[in-house]
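All chains, full assembly: derive it from the sequences and hints.
Chains as they are written, first to last, in our numbering: chain A, 1 to 605; chain B, 606 to 675; chain C, 676 to 789; chain D, 790 to 1035.
Since the hints were derived computationally from the structure, they do not count as laboratory data. The C-beta atom is built at its ideal place from N, Cα and C for all residues, glycine as well. Check the hints yourself; a few may be wrong.
[What the hints assert, rightly or not] To give an idea of the chain C side of the interface with chain A (calculated C-beta under 7 Å), a few residues:
#	residue
1	Thr677
2	Leu708
3	Leu768
4	Val772
5	Ser776
6	Asp777
7	Ser778
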Amino acid sequence: MSWALPLPVVVPLIAAAVLVATGAILPRRVQDAIGIAAAATATGFALLILAASERHDVLHWFGGWHPHAGLALGISFTADPLGAGMAALACGLDLLVLVYSWTYMRRQSQTFDVLILALGGAMAGFALTGDIFNMFVWFELMGVSAYALAGFMVEELGPLQGAINFAVTNTVGAYMVLMGIALLYARTDALNLAQIGRVLGHRPADRLVIVAFALIVTGLMVRAAIVPFHFWLADAHAASPAPVCALLSGAMVELGIFFIARVYWTAFAAPLHAHASGVRDVLVGLGVATALIGALMCLLQRQLKRLLAYSTISQAGTMLAGIALLDPRSLAGVANLVLAHGLLKGGLFLLCGVILVELRHIDELRVYGAGRRLPWAGVLWLLGTLGLVGLPPLGVFLAQQLLYEGGREHGFGWLAVVGAVASGVCAGAMLRAGARIFLGWGAREDELLSPEPDEHAPERDVSGRPLGIVAGIAIVLGLAASVVPGIEARTELAAERFADTSAYRAAVLHGAAHGDAAAHVSFSLLGVDTASALYGLGALAIAAATAAFGLWHRRLPPRILSAGARTLGPPVTVIRLAHSGIVGDYLLWLSGGALAVAAIWALTL
Amino acid sequence: MACAATSVALCLDPLRQIFLSGVYGLLLAVLFVVLQAPDVALSMLVVSTVAYPLIVLIAISRTRRERGEE
Amino acid sequence: MTILVYAVVAWVFAIGIYGAIVSRNLIHLALCLTVTQSSTYILLLAIGYKHGAGAPIFEDVKLGTAAVDPVVQSLTLTDVVVSVTVIALILALALDVHRQSDSIDPDEISTLNR
Amino acid sequence: MSSRQRLRAWIAAPVLALFAAILGWGFARAPAFGDFHGAYGDLLNRIAVPQRHTSNVVTAIVFDYRGFDTMGEEFILFASVVGVVLLLRAVREPATGQDDPVASDAIRLFGIIMVAVILVFGLWLAAFGLVTPGGGFQGGVAIAGGIVLVFLASGYRAWRTFGRERLLDPFEGLGAASYAAVGLAALIAGAPFLHNLLGLGVAGTLRSGGSMTLLNWAVAVEVAAANLVLYTEFLESYLVPHLPRR
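Here it is, written out as structure tokens:
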């Protein structure tokens, strides 16, 4: 299978280049078809690689430069099930987005397809690479194509500003990553992750390793939208076309999280072993802060894409907290969360596009009640929301069950409560918006929500129904992600392999088979744990209460309302004001956050 | 080096800044030659003398001109 | 010498970001980012430098002569390309912003006030 | 300067000073300046010339040992140029009756001579990349600069007829695609991606390095075309009269 590894990356990239080269010759529809075919091929190969990697890691040494006496000469792709799964998810979403754009972006220029393909190829490369500088290259390619896509609607100021904030903050993040890579090279003479891990493992971490780790993790956290590096995400999402949001939220943010895990396990686990609790505390803290602040901001939005964007931030916080537990079981949970969330959130963003096409606005107060004529869209919205809250046993439920179990083992049992509250509040905001739009419930005005510039709808003659089918596919797949027979055992096995650093090294540097070809993976059905089911139902209750409050808070007794406003008002206002949309502010937050992370680790490790 | 970088970053007038950044690019190129990296020095040279000034100057004049018109 | 070199790298990195934070002009901001990025070039090349060694080009030089590290140089080359592309994109965005609002001051164009 | 900006500047200064201090604190454990002995680089310095028949080890790394990075890098350039085209499309409405910005014949002649010099220099840079410093990227940027000067010297109208969509885009796409295609060819032939299949030639000559030569020229084409698209787009945005905003 080794030969197939470059293909999920190379096929979309070649297709992108061919589309540009033939731009003046081929009609638009043929070009779209080429793009879809390329994305489908890439997805197919990614799934093949995933299947093959279940038995043992698949390696590809570019240029045929196999390691020379354990010293990596060239660049390797290393596919383990989690990496290959990430690649498959990214390619699959890329394919869905291209199919969706066949209708949605009908009048737009072909450059849209080109950039989507480049973004897809870059994401696959990022997921598969085993070389840290190569990771940086894909990081930048993802970034460059995504910045341009975020600024796609150049006729409006909002998207441009969102794209600038996105580009500037992520560029600074990339420089931090690069600086960390340079430091690692100074210490280890290596760029291959396995080799870096081997050299670093010789002695405990010193200042240089700590600073390098802080820089790399900070840079990745910018991409992963972790508080206080998250500001760009909502601005970029609020303004990008819906299919672009689906890719950014569904796969790109998660890739940032994924690589934090990758770089920790392959390179830093051994030298930082003695300090694991210090690393864990900082990252869990950031994750929890992200989950809660994301949820709070989510509650305050009325523009649907911005609302979903903050829900992504909140989920990214849960993912980071899960990874920060540094334990294979939680890692399996995060992997399941990435899969289910990626599909569900991708589908929900695509659904936003449907709402925009059919109802001409995506502001929940403006389209109040107008969704009554689109009952199927309302059902999809409800299904997506239930999937995201983790209604047992669907959607992200399995992920949360694994995360809770992992958290309990490390004395972080309270994480379960935080997770339930965060996902409950986000889902509550989504239920509230859905109830306003599709049922016409609640008040027409809501002074709690932030006014936002609305989005101009695309062409009038686009029908929402085919778009809705694509969105529906993503949502249904996301709902089913938990209940695929055997998925729990498989991800747990995959996560254990992911965390088995020494076997990874032996596989990469000495060609040893990594993974147990004979491992029996059962196709057992998901066992629902009572405690997790209770947490899931609790989150659902929180969601219902939040939604009800959002819809009918004016009916509460005035005394309660004013007391609530006095206590909660000031902190909420402060958090709101921090999201100023000014790039200088965001950079200041970024450097302050980087300073804090580096300083805490420098002082405690 | 540090002084040149500082002056580029803190120079608030865009036109003067692009001039300074050209000088900074040249300085970097010289430094790279000293560090025995002729390949990098060459690309720094072509980038900082051809690519940046062209697009940045165009961007500056575009934004200037219109402000003058109104 | 060692301390001086690394201090310069840290300084250049920070001053570039500082310039970007206080920037009142997106074009200025883009050039500040190039300054930040230049610190990574210096760091990479400084890491690979060896006293008394030549360039890693063996045209008229006997093979086996001491040469500085070639890997960091190839990384820096990639880095230079990346910087051009990012600058071009930000400038293009700045031009569009200017067309919409007649301003390229990031503080003036904020429409996303919540 | 608004109070908000002043406040930002005052907070930023200590934050970044501390950040620089932490960076320096970590850097202090890096190898002493001038005293680096990286096993990776040393090994490549020893084996690259005999294995790859190129005298420039950096180029051997760029196009062979780590050629895949370079492919990614080409696509970064490619994607960003596509992005610039996308972003500037609104600024780029058809313009009417542009005058030539340069009027004097003497200037034109001088320009054309300069251009010839730069073009030759660019081609030389690109061609000898495997032997001496330089290579596809540096050569490509220089060539693009030269061509821009041709058209600036000989009048803008000539430049417009040059045509981005009909001429430049195909070159840009083909440059990027052919780099990947060279890699894919190796894969189809049953070797790893980007494996150097062609004969390596004699070290120090133009035809050394096997498929690295192809990759080098693919990069040169891609970079030159990409830069030209970039300049065209920015020039267009400059020359097109100010359109009323919506």
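Next on the checklist: Holds or violated: the hint that Ser778 (chain C) contacts chain A, with Cβ atoms closer than 7 Å.
Outcome noted: Violated, about 10 Å.
Next on the checklist: Please check whether Ser776 (chain C) passes as an interface residue: C-beta within 7 Å of a C-beta belonging to chain A.
Outcome noted: Hint on Ser776 (chain C): holds, closest Cβ of chain A at ~6 Å, below 7 Å.
Checklist entry - Hey, does the Leu708 (chain C) contact hint survive, CB to chain A under 7 Å? => result holds, 6 Å
Next on the checklist: Hint Leu768 (chain C) vs chain A: min CB-CB distance below 7 Å?
Outcome noted: This hint holds: Leu768 (chain C) lies near chain A, its Cβ roughly 5 Å from the closest one there, short of 7 Å.
Checklist entry - Is the interface hint for Thr677 (chain C) satisfied, with its Cβ closer than 7 Å to some Cβ of chain A? => result Interface hint status for Thr677 (chain C): violated (11 Å vs cutoff 7 Å).
Checklist entry - At a threshold of 7 Å, is the proposed contact between Val772 (chain C) and chain A supported by beta-carbon distances? => result holds, 5 Å
Checklist entry - Once the shortest beta carbon distance from Asp777 (chain C) to chain A is found, is it less than 7 Å? => result violated, 11 Å
When each numbered hint is compared with the structure, violations occur for hints 1, 6 and 7.
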